[in-house]
Amino acid sequence: MTEASRRLVKLDPARTMEAAGTLAHAFMNDPLQTYTFPDPAQRAEISVPHFESMVRYGLLAGEVWVTEGSIDGVGIWLPPEHRQYREELFEEAGFNRLPGVMGEEAFSRFMTVIEHLEELHKRDVPEPHWYVMVLGVDPLHQGKGLGRLLLRACCRLAGARQVPCYLETAQPANVGFYTSHGFRVLVEGIEPVSGLRYWTFLRAPS
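Going by our numbering, the sequence shown opens with residue 20, and the numbers climb by one from there.
I should point out that these hints are in silico values taken from the structure, not numbers from a laboratory.
Computed from a predicted model, the values in this text were never measured in an experiment.
Possibly wrong hints are sitting among the right ones.
Pair ranges (Cβ atoms, derived) [what the hints assert, rightly or not]: (1) 24 x 119: 37 to 47 Å; (2) 33 x 195: 28 to 38 Å; (3) 162 x 37: 19 to 29 Å.
We put the beta carbon where it would ideally sit given N, CA and C, even for glycine.
Modelling step: build the complete structure from the supplied sequences, incorporating the hints.
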């Protein structure tokens with residue numbers, strides 16, 4: 020079986036840490052992650068609990084899809100009903116513990132960028148839509164079609180309900196990947212505090 024023909028399944032919550040580990044590997048050299056954790060050793064140590072909270076939030080508020088068998092790719096989608104982040108689910112997912120886990124400075128760096136992007140998200144896409152919160156593939160399996168498989172899964176959900184699909188990235192290498200799958204760039208900018216370049220995207224329902 021080729022990578023591109025692998026099946027996707029909903030994440031078993033018992034495998035949350037495994038999914039978080041895959042995302043930690045996938046984003047090890049992502050600009051936002053390297054800005055949040057400039058020290059590579061700290062990044063390697065803290066990224067798993069960092070992504071664990073994101074996975075848990077996805078399980079509570081939306082859907083988390085992974086490759087069947089070995090978790091080599093992970094997608095976290097939030098549905099149209101999820102119009103804004105919910106504090107009670109943040110707490111249940113463990114976000115309130117992140118300042119202690121990540122360190123106050125790293126948490127502040129991360130939230131500075133996230134809050135900037137969230138303001139753009141709310142401004143530019145007020146209508147119901149699916150949101151690709153996180154999509155990552157383990158580096159050993161990148162370039163083999165798993166990212167495309169995951170992205171198409173979310174696009175199908177959006178198409179079934181005839182709503183758009185939204186996402187953002189700070190990784191320049193991702194821009195061509197998303198535009199090749201029908202996404203158009205809404206905003207290209209630079210977050211003023213971090214200096215990080217970012218792109219936001221929207222895909223109309225097909």
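Structure-based check of all given hints:
Between residue 24 and residue 119, the C-beta spacing of about 43 Å keeps the proposed range 37 to 47 Å intact. Judged by the Cβ atoms, the range 28 to 38 Å given for residue 33 and residue 195 holds: they are separated by roughly 36 Å. In this structure the hint that residue 162 and residue 37 lie 19 to 29 Å apart at CB holds, the actual value being about 22 Å.
Hint compliance for this structure: no hint is broken.
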